[in-house]
Each structure stands twice: as C-alpha cells, then as structure tokens.
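Spelled out from the first residue to the last, the chains are:
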Amino acid sequence: MTTARALAAQVNAGASAAAAVEQSLARAQGDTLNAIIRVHADHARAQAASVDARVRAGERLPLAGVPLVIKDNLLLAGAESSACSRILAGFRSPYTATAVARLESAGAVVVATANMDEFAMGSSNETSCHGPVKHPKDPTRIPGGSSGGSAAAVAAGIAPLALGTDTGGSIRQPASLCGVVGMKPSYGRVSRYGAIAFGSSLDQIGPFAADVADAALALAVMAGHDGNDSTSAQRPVDSAELPADPLAALRGARIGYVAAHEAGLAEDVRARLELAKRRLVEAGATLVPVTLPHERYAVAVYYVIATGEAASNLARFDGVRYGHRAEGAKDLGEVYARSRVEGFGPEVQRRIMLGTYVLSTGYYDAYYKKAQQVRRRICDDFAGAFAACDAILGPVSPTTAFKAGEKLSDPLQMYLSDIFTIAANLAGVPAVSVPFGADRNGLPIGLQLQAPLWADGRMFALAAGIEALGR
Amino acid sequence: MEYEAVIGLEVHCQLSTVSKMFCGATTVFGQEPNSQVDTLTLGLPGTLPVINARAVELAVRAALALGGDVREHSKFDRKHYFYPDLPKGYQISQYDQPYCVGGAVTIDLADGGQKVIKLTRIHMEEDAGKLIHQEHGAWSEVDLNRAGTPLVEIVSEPEIRSAAEAYAYLMELKRALKWVGVSDCEMQEGSLRCDANVSIRPLGQAQFGTRVEIKNLNSFRAVEAAINHEIAAQSALHRAGRYAEVVQVTKLWDPDARTTRMMRGKEMAADYRYFPDPDLPPLVITAAERERIRAAMPELPRARQERFQREFGFERAMAAELTAEAGIADYVEALVAAGAKPKLAGNWTREEALRLANESGRPLAEVAPVAAMAGLIALVDAGKVARVVAKAECAELLASGQAPEAFFTAKGMIQVQDAGQLQAWVAQVIAGEAKTVADIRAGKTAAVGRLVGATMKLSGGKADPAAVKAEVLRQLGIAG
Amino acid sequence: MAITEKDVRHLAKLASLGLDDAGVARMARELEAIVGYVNQLSEVDTTGVEPVANVSGLANVTRPDAAGPMLAIDAVLANAPARNQNAILVPKVVER
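Those protein sequence lines, which keep their order, are chains E, Z and C.
For the first sequence, the working numbering assigns the number 708 to the last residue and increments by one with no breaks.
For the second sequence, the working numbering assigns the number 656 to the last residue and increments by one with no breaks.
For the third sequence, the working numbering assigns the number 304 to the last residue and increments by one with no breaks.
To be clear, the hints were calculated from the coordinates, so they are not data collected in a lab.
Keep in mind that a hint or two might mislead.
Simulated restraints on C-beta separations [as the list claims (entries may be wrong)]:
hint, chain 1, residue 1, chain 2, residue 2, range
1, C, S250, Z, E465, 34 to 44 Å
2, Z, E482, C, S250, 56 to 66 Å
3, Z, V204, E, G394, 46 to 56 Å
4, Z, V204, C, Q293, 53 to 63 Å
5, C, D229, Z, A340, 53 to 63 Å
6, C, V257, Z, T462, 19 to 29 Å
7, Z, R337, E, R533, 56 to 66 Å
A short, non-exhaustive set of chain E residues, derived as facing chain Z with CB atoms under 10 Å [as the list claims (entries may be wrong)]:
hint, residue
8, H280
9, A326
10, S330
11, L524
12, V527
With a straight-line cut-off of 25 Å between C-alpha atoms, the simulated SDA-like cross-links for lysine to any residue are [said to hold, decoys possible]:
hint, chain 1, residue 1, chain 2, residue 2
13, Z, K560, Z, A655
14, C, K300, Z, R437
15, C, K214, E, R587
16, E, K567, C, V301
17, E, K606, C, T254
18, Z, K306, E, A563
19, Z, K633, Z, E569
20, C, K221, Z, V460
21, C, K300, E, E584
22, C, K300, C, A275
23, C, K300, Z, G619
24, C, K300, Z, Q207
25, C, K214, E, T598
26, E, K640, E, A692
27, C, K221, E, R587
28, Z, K255, E, Y494
29, E, K567, Z, E569
30, E, K606, C, D253
31, Z, K306, C, T254
32, Z, K251, C, Q293
33, E, K567, C, R291
34, Z, K255, C, G265
35, Z, K255, Z, E569
36, E, K606, Z, V460
37, Z, K306, C, A267
38, C, K300, Z, A655
39, Z, K306, Z, G289
Backbone N, C-alpha and C fix where the C-beta goes; we use that ideal spot for every residue, glycine too.
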C-alpha cells in the first residue's frame with residue numbers, strides 16, 4: 238500500500254485526492270473484519286473535493302488526500318460517535334477533536350470510524366457493542382485492543398493512517414498484534430480535546446501507520462499546544478524529518494533493556510527480541526541493562542488510577558442530556574440507574590464499580606492516593622533508567638494475537654496482557670510499537686521502544702532504525 | 177434555662193466575570209433558558225475545563241478584602257453526585273487545598289460595639305444549573321445557563337450568636353465584596369446565596385448541640401427570619417425535654433409559610449468521592465502576585481468607615497451609610513476635596529444627592545455633580561443662601577447645570593449680609609416696634625423672633641436670618 | 209478484605225448502576241478478585257512520597273476571561289432523549 242507521504246506527494250503534484258479517497262471508501266465499505274463501524278462517504282467526498290481545490294489554488298498540504306480512519310472515541314462534528322457503547326447510541330457530536338481537525342486541515346480525509354473496546358476498556362476489541370473485530374491474518378483471533386479496529390484498518394490496507402487512543406497500551410498492543418506501527422506520544426504532546434475521556438492522566442491520541450515515517454508525520458501535524466486542553470504542553474513540536482539513512486541514528490545509541498522483561502514471553506516473541514538486540518549491536522548501538530524496580534506494580538497502579546478516573550469521567554453518561562435513556566423511567570433515580578445498567582457493558586460496569594470503590598471515603602488513601610505514590614516511584618525508575626540510556630527496547634505483548642474468547646472468562650488475565658505497556662502511560666513517556674517479524678504461524682510481533690519525556694522525535698529516529706533492522 | 181444560639185453561614189458568591197469558571201460560555205443573568213451553553217457546559221464527552229484567569233484574580237481580591245490567608249499552592253477537586261443540574265456528574269470545587277484559609281468579617285453591634293466573626297476558609301468552585309419543576313406537567317426542565325458560573329464559597333466559623341448578627345454579617349460581606357468589584361452580591365439575582373447552620377446549647381455548655389442546615393434563603397431578611405424560627409423551634413424542644421428530636425438534617429425555608437420543612441429524599445452525608453481533577457494542573461499564587469492584586473485594590477470599606485469616623489467626625493451610623501458603597505464614599509471625599517466641610521458634605525450627600533440618585537436611577541456624580549454640590553454647600557456655609565432655600569432649590573440647581581452663585585443670584589435668593597444694610601433695616605424695625613422692644617426688655621426674650629421676622633419681611637426675605645438676629649441683639653444691647 | 213454484596217449495593221448506589229441480585233453477586237466475586245490483586249500496592253514503601261498530580265509538571269494553566277463560541281438552542285437539545293422547545297426534560301423531581 239502507498240504510504241501517506243507518497244500519496245500526499247502525488248496529490249500535491251496533481252493526482253486526485255477524490256480518487257484516492259474513493260478507493261479507501263470502497264475498501265471501508267467492503268471490510269470483513271468488522272474493523273469499520275461507520276463509513277463517512279459524504280464527509281469524505283466533500284473533504285476530498287476541498288483538498289483538491291486547495292491544491293489547485295497552490296497550497297501544498299503535508300497530508301494531502303490521505304485517507305484517515307478514526308477510533309469511535311474521537312469526535313467529528315456532525316458524525317455519530319459512541320465509544321462503541323450502547324449508552325451513546327445515536328449521539329452526534331457538534332464539534333471535532335483538535336487532533337482530527339489538525340489532520341484534516343493538513344489535507345487528511347476522515348473516511349470511516351473504527352471499532353474499539355467499549356470506552357477503550359479492553360485489550361482484544363471483544364467488548365464493543367458493535368461486535369468483536371477479527372485479526373487481519375486469522376479471523377479466529379483478536380487484533381488486540383482497545384484500538385483494535387484502527388490497527389486492523391491499517392493492516393488491511395483500508396487507509397494508510399488511523400488514529401487510536403492509548404491509556405495502558407491500547408495503541409501499541411494492537412499495533413504489535415497486527416503488524417503495524419502504533420505510537421503513544423508523551424503525555425500532553427497531543428491535545429485530548431474531543432477524545433472521549435477514559436483515564437484523564439493517562440490518555441493520549443496517537444497514530445497507526447504502515448511505517449515509522451508516516452507515523453512521525455502524522456504526529457508532527459497533530460501535536461502541539463491546544464488552549465482547550467489544560468494538560469497540553471507548550472513545548473515546540475519536533476519536525477517529522479527522519480535521517481535519510483535509518484541506521485545512522487543507531488550508531489552510538491545506548492539502547493536499554495530490562496532483563497525481567499524476558500520472563501513470561503512466548504518463545505517466538507523472545508527470539509525476535511533477542512535478534513533485535515544482536516542486530517542493534519551489529520549496527521553500532523550499545524546495549525545497556527537497566528532496571529525498573531517498581532514496574533511489577535504497574536498493572537495494579539493502573540487499575541486503581543485508570544478506573545478511578547474512568548468512574549468519574551463516565552458519570553456524565555446518565556441518560557439526561559444525550560445518549561440512551563431507559564424507556565419508561567418513572568423517576569430520576571430510574572433514569573440514572575436503569576439507563577446506566579442498560580447502556581454500559583459488563584467490563585465497563587466492573588471498572589466503574591472498582592473506580593467508585595477506590596475513590597470512596599475510607600478507601601481513597603489506601604488505594605487512589607497510594608497508587609499515585611507508587612506511580613511516582615515508577616516515574617523515578619524511568620528517570621533513573623534514562624540517565625543510562627537513550628531509549629528502552631522491549632516486548633509489547635507477551636504473546637502474539639490470541640484466540641477470540643481466550644481471555645474473556647477472567648478479567649485479571651486480560652489486564653495482565655498490558656504488563657509491558659502500562660508503565661509508559663503512568664510515567665507519561667513516549668512509546669512506540671515497531672513491527673519486527675512474525676511468529677511461526679505468521680502472526681506479527683512488535684517490539685517496543687520507550688524514550689524520555691518529550692523525546693518523541695528522537696524516539697522515532699531510533700524506531701526507524703529498528704524498523705530497518707527488522708525488514 | 178437560657179440558650180445560646182450557635183450559627184455558621186456558608187455564602188456562595190458569583191464572581192463578576194464575562195465568562196464561566198472553566199469555559200467561554202457567558203454568565204449574564206436573566207437570559208432565555210439554555211442560551212449560555214457551550215460544549216463543556218453541556219457536559220459533552222471529550223470536553224475539558226480551562227481555568228478563567230480573571231475568576232482567580234477576583235477570588236484573590238475577595239480573600240484579601242476579607243483578610244484571608246491566600247495560599248501559594250492550591251488545586252481543584254472533583255465532587256461527585258448525580259443531579260440533572262450538574263452536567264458532568266461532578267462539580268469542580270476545592271476540597272482539602274482551598275486557595276484561602278481564615279479571614280474575618282467585623283460587624284457593628286446594636287450596642288455600639290463591634291464583633292469579629294472569623295472565617296474558616298474560602299474556596300473556588302463552579303455553579304450548578306437550574307431545575308424548574310413544571311407546575312402542571314410531569315416534567316422538570318433543565319436550564320444550564322447558570323451551570324459553570326464561577327463562585328467563591330465563604331464559610332464562617334460558628335461564631336454568630338443571633339439572627340441579627342447573621343444579618344449584619346451578610347451586609348458587611350456584601351459591602352466588602354461589592355466594594356472590590358468581585359460580585360454584585362444580589363440575592364434576588366442569585367449572585368449571593370446563603371445557607372445557615374443553626375444549633376443551640378445551654379448557656380455555659382462547651383459542647384455544641386445538633387446542627388440543622390437551612391437552605392432556600394432568598395433574602396437577608398429570610399436568613400434572619402429562618403434563623404429565629406429555627407432557634408425558637410430547637411429551644412422549645414429542648415425545654416420540653418425532646419431535644420433528641422433535633423437531628424442533623426437539611427431543611428428548606430418556606431418564605432410564604434415562614435417555616436422550615438424537611439428536604440425529602442436528601443441523602444445522609446453523601447460520599448462525594450473527592451479527588452484531584454486530573455484535567456487541571458495546580459494553581460500557584462505567589463506572594464508577588466498576591467501583592468500585585470492587593471496594591472491594585474482600594475482602601476477597604478471598614479477601614480474607610482473608621483477613617484470617616486475619625487477624620488470627618490461622623491457618627492458610626494452616618495459613616496456606615498456613607499461607606500455602604502465605594503461610589504458614595506468617593507463622592508463624599510470629592511466634596512471635601514472641593515472645599516466642603518466634612519459634616520456638611522456628609523449631610524448633603526445623604527439627604528439630597530443620594531435621594532436624587534435613587535429617585536432617578538442615575539449615578540451620584542452625574543445627577544449631583546461634585547463642583548455644583550460643593551458650591552452650594554459653600555454658599556450655605558457662608559450664610560449666603562438660607563439652608564431651607566438651598567434644600568428646596570437643590571434639584572433644580574443641579575439639573576440646570578448652572579454655577580450655584582449665578583443660579584441663586586438670578587433668582588434673587590442671595591441673602592443680604594451687608595452690615596450697613598442690615599443695620600439700617602433693624603434700626604427701622606426697632607423704631608416701629610416699641611411695644612415689642614419693651615416686652616423684650618421686660619424679659620420676654622422669645623419676642624426677639626418677632627423683630628427678626630419683621631426685619632426679614634422688610635428685606636423681602638433676603639436678609640440672612642442669623643445675621644439679622646445678631647444685629648437685633650446688638651442694637652438692643654443684649655448678649656446673643 | 210472481602211467485598212460483600214452489601215458493599216456492592218452501596219457502590220452501585222453511589223455509581224447509579226441498577227444492578228439486579230444476580231449482577232450484585234457476580235460483581236462481588238469479580239471485584240474481590242481484582243481488589244485482591246491491587247492490594248499488593250500496600251507492600252510498597254511510600255513514606256514521604258508525593259502523589260503524582262500530573263506527569264507534565266504544569267501549573268497555572270489559565271485562559272483570559274472572554275466569551276467563546278456557544279451552542280445554539282437546537283444544538284443544545286439535539287441529542288436530548290426528552291425535550292421541549294427550550295429545555296431538556298427529566299421526570300418531575302418531587303421536591304427541592
């Protein structure tokens with residue numbers, strides 16, 4: 238599939254944005270993976286026409302005519318958005334998320350909305366009210382989650398770019414399982430305005446792409462301060478430019494690794510990780526052993542903080558002003574209790590209950606406050622590790638794509654699939670999943686790079702090097 | 177048995193900003209329902225709060241005006257409960273790190289003394305919307321215009337001891353906050369709201385009694401009435417040995433029935449699950465910032481009132497009246513600066529200028545320009561215009577825009593004070609009133625008035641009566 | 209520490225989730241397992257450690273006091289499950 242960069246260059250040189258978008262729309266309509274839940278044909282055609290007109294008028298747009306798929310928790314004015322939950326059935330947003338608006342300003346064209354785990358809570362895209370998503374290479378398997386639809390859409394060639402959100406690994410894990418690039422920016426790098434909130438101190442919008450350079454380009458266009466988001470950083474945005482020779486960035490680079498990360502990996506995943514390390518050394522990088530002593534608590538910390546914040550963020554879904562309201566509710570109490578129990582799926586209800594528990598009087602200190610203290614320890618661990626290395630290399634997921642239904646019976650089992658990705662959200666550091674081969678069954682394996690806060694650009698340069706080593 | 181009432185007041189005051197606490201929707205009172213709603217006010221998914229800088233500035237001003245300790249570090253917390261006027265399902269407020277701790281309100285007591293009521297804290301938060309219950313329909317209507325308006329919540333220590341003190345506290349609070357431009361403080365418009373916490377205990381008992389919270393107080397007088405009602409009710413129960421029936425509840429004041437009733441369905445001590453709002457970085461208000469705001473504030477009302485008493489010699493009640501608003505106090509000082517004697521400036525402001533301003537609805541300085549007023553006062557003080565004449569003509573003079581001396585001269589109302597002329601008139605009267613003169617010499621000093629009156633008549637009303645009297649006494653050789 | 213059905217009913221009330229009896233029983237079991245897992249946090253020594261307020265280290269993020277774009281009444285009411293011409297409707301609240 239043509240990269241976003243190449244497509245934009247063609248459109249800027251006179252090729253038709255409308256034609257590229259039509260192709261993408263056709264693929265979206267023909268999707269068999271259930272990755273796509275809504276096609277925005279009218280919007281896409283109008284956008285494409287506008288891009289063509291702008292280019293004709295002399296503008297050169299970084300993402301001219303590039304079809305874009307957005308996760309169902311990212312708002313687009315006039316379109317339905319539901320976070321794949323019944324509680325938002327029929328909701329049409331009057332405004333567009335800043336990140337999406339910036340991409341469209343740069344010429345990208347939203348063609349479709351992608352399936353996701355309900356309210357971004359899941360690691361397999363099996364909790365969606367629109368049904369599960371199938372893995373692009375094996376329909377009996379899951380694509381990962383919660384941004385499973387977005388990852389599958391890029392892997393299946395529906396669009397060169399997709400957006401997801403990552404709270405505990407929801408971009409990187411499906412990227413790894415589907416064999417595409419998926420990146421979580423530094424916390425505050427991309428505005429969260431217009432992303433339906435899950436874990437406010439953890440959420441970031443990020444790109445899926447077929448290669449690192451496309452992902453870097455998408456980030457550079459989306460990133461930057463937004464007055465609508467008080468947690469967005471004022472810092473200048475790194476350019477999307479990567480070194481012409483991807484291996485150049487690796488020469489002399491100090492690549493950290495955590496020995497403890499090798500435990501519990503599927504054999505083929507471990508093998509690919511070891512291979513990557515060997516090739517890195519051959520390419521002139523130095524491997525540096527580092528430790529993250531409190532990482533073993535990351536999942537526990539996450540399930541306290543993320544659920545507490547989620548329980549709070551989901552309080553607005555109450556059947557009053559928008560979304561589902563229980564039929565025949567006789568009084569206010571019924572409006573609330575019945576709308577919410579009918580509208581939220583079981584995983585979401587579990588997390589709301591857990592989140593309510595950890596914030597409740599008598600439990601707040603022992604749970605939420607305690608978790609935020611352990612979180613600081615994790616942040617300090619990363620600071621210590623990055624004093625010794627430029628980036629940390631490791632696995633994204635302990636396994637490749639697992640079978641549908643395999644982990645549904647035990648919520649804790651599902652939570653533990655995020656064991657390698659969660660710490661980056663807690664510390665706010667940027668992290669990316671880079672495709673690095675496949676297992677013996679052809680199921681993709683991704684490797685994760687994590688870098689210091691604000692080193693997103695540098696991280697992409699190193700990631701491009703690893704991507705080259707993996708080919 | 178004698179009881180002591182223990183009262184604490186929680187006052188919510190809307191800050192005078194253009195836009196809401198955390199978003200750009202506007203805050204004008206009395207607009208069409210749901211006409212001041214943006215995406216955040218509606219609580220739409222994906223929306224995020226951004227702190228209004230002016231709201232913080234006004235909040236700091238409020239704290240400084242009330243002598244509070246403005247903390248360098250504070251933060252916002254989410255307070256959770258479900259109600260249709262609370263779109264996000266939580267209110268953004270401040271819980272354990274408010275921006276201001278302490279403070280005090282000084283009130284004047286009826287016996288002439290003062291009392292200081294300490295504050296516990298002041299914090300910032302956003303207001304909720306309104307729920308209007310249909311009288312004949314089956315629905316309640318949600319109006320979100322007010323949702324998100326910036327508020328400061330001012331909590332007093334339970335040091336108020338009577339409804340009268342509560343009333344005085346509210347008046348003083350309103351004066352101070354209006355003075356520094358923080359709020360309009362209009363209970364009728366909802367920019368000032370008050371909840372009262374009332375308990376009683378036997379005089380001498382240290383332990384607090386059971387506290388009842390009273391809401392739905394829509395005027396200062398309602399606060400007073402409700403508190404008196406509650407004190408009486410609790411005292412009666414205690415006297416009857418039924419104090420156990422006083423439970424910690426929230427009641428609503430019914431202004432028509434003039435009684436309280438229970439709030440049905442109100443939860444006992446709801447668990448608000450406070451936690452720091454992850455969407456809002458903390459506030460840091462440095463000492464320098466605090467001093468910048470303090471330096472830009474005018475002299476505070478109580479200080480000004482006390483200065484008026486000290487420097488101008490005003491009685492406390494007069495000083496309080498003339499410092500009810502900054503504009504009035506400024507006006508009085510402007511008159512003094514223009515040469516008017518303070519007592520006269522005070523009297524004329526209170527009796528004439530304020531009256532004209534209230535009647536016309538126009539500002540003081542516009543309806544009673546300082547220069548004209550000062551000029552009028554000077555004429556009266558010098559005896560050139562009779563006080564009663566000046567009062568009668570004041571409104572017309574001010575409306576005319578003419579200089580006072582020219583105005584009264586044209587009307588022939590300038591009193592004659594020329595010594596020679598007065599001497600001639602008095603001499604003529606005395607010559608024609610031999611019997612009255614004899615009465616006076618016989619001890620009927622009141623008859624002097626007759627001679628004065630006759631002189632006034634002879635002068636066509638133009639003589640200065642005080643000067644005439646003095647001249648009469650002089651010519652008769654009587655000490656005045 | 210066990211999560212009892214009483215605990216679950218209390219939490220469900222706070223969270224306005226109308227769980228039925230079967231739902232309460234199931235939730236008690238599931239929450240107990242998860243809470244059991246997160247209890248390991250008590251092992252970590254966090255004496256004197258400041259909880260994380262926000263990872264970005266930002267402070268004093270404010271905006272000028274100016275009117276911004278607002279929604280027209282149709283847009284306000286567009287997604288409302290029950291409405292009349294100028295307000296969102298809920299079943300009448302009996303007192304307050």
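_Hint validity - A326/E Cβ closer than 10 Å to any chain Z Cβ_ = Status violated, d = 13 Å.
*Are K606/E and D253/C close enough, with their CA atoms no more than 25 Å apart?*
Distance ~13 Å between K606/E and D253/C Cα, so the pair holds.
*Within a Cα-Cα threshold of 25 Å, do K606/E and V460/Z meet the stated pairing?*
21 Å, holds
*With a cut-off of 25 Å on the C-alpha distance, tell me whether K640/E and A692/E pass.*
Roughly 36 Å separates the two Cα atoms, so the pair is violated.
*Within 25 Å, alpha carbon to alpha carbon, are K300/C and A275/C?*
33 Å, violated
*Is K567/E within 25 Å of R291/C, Cα to Cα?*
Holds: K567/E and R291/C sit about 16 Å apart, inside 25 Å.
*asked:* Assuming the hint says 56 to 66 Å, is it satisfied by the Cβ distance from E482/Z to S250/C or not?
replied: 58 Å, holds
*Taking 10 Å as the limit, does the beta-carbon of S330/E come near enough to a beta-carbon in chain Z?*
7 Å, holds
*Could you check the hint for me, namely that V204/Z and G394/E are 46 to 56 Å apart, CB to CB?*
53 Å, holds
*Does E569/Z lie within 25 Å of K255/Z when you go C-alpha to C-alpha?*
Status violated; Cα separation ~61 Å.
_Distance restraint between K255/Z and Y494/E, which requires alpha-carbon spacing of 25 Å or less_ = Violated, because 42 Å separates the two Cα atoms, which is more than 25 Å.
*asked:* Hint check: K567/E vs V301/C, CA-CA at most 25 Å. Holds or violated?
replied: Holds. K567/E to V301/C sits at ~10 Å (cutoff 25 Å).
In this structure, the earlier hints numbered 4, 8, 9, 11, 12, 20, 21, 22, 23, 26, 28, 29, 31, 32, 35, 37, 38 and 39 are contradicted, and the remaining ones agree with it.
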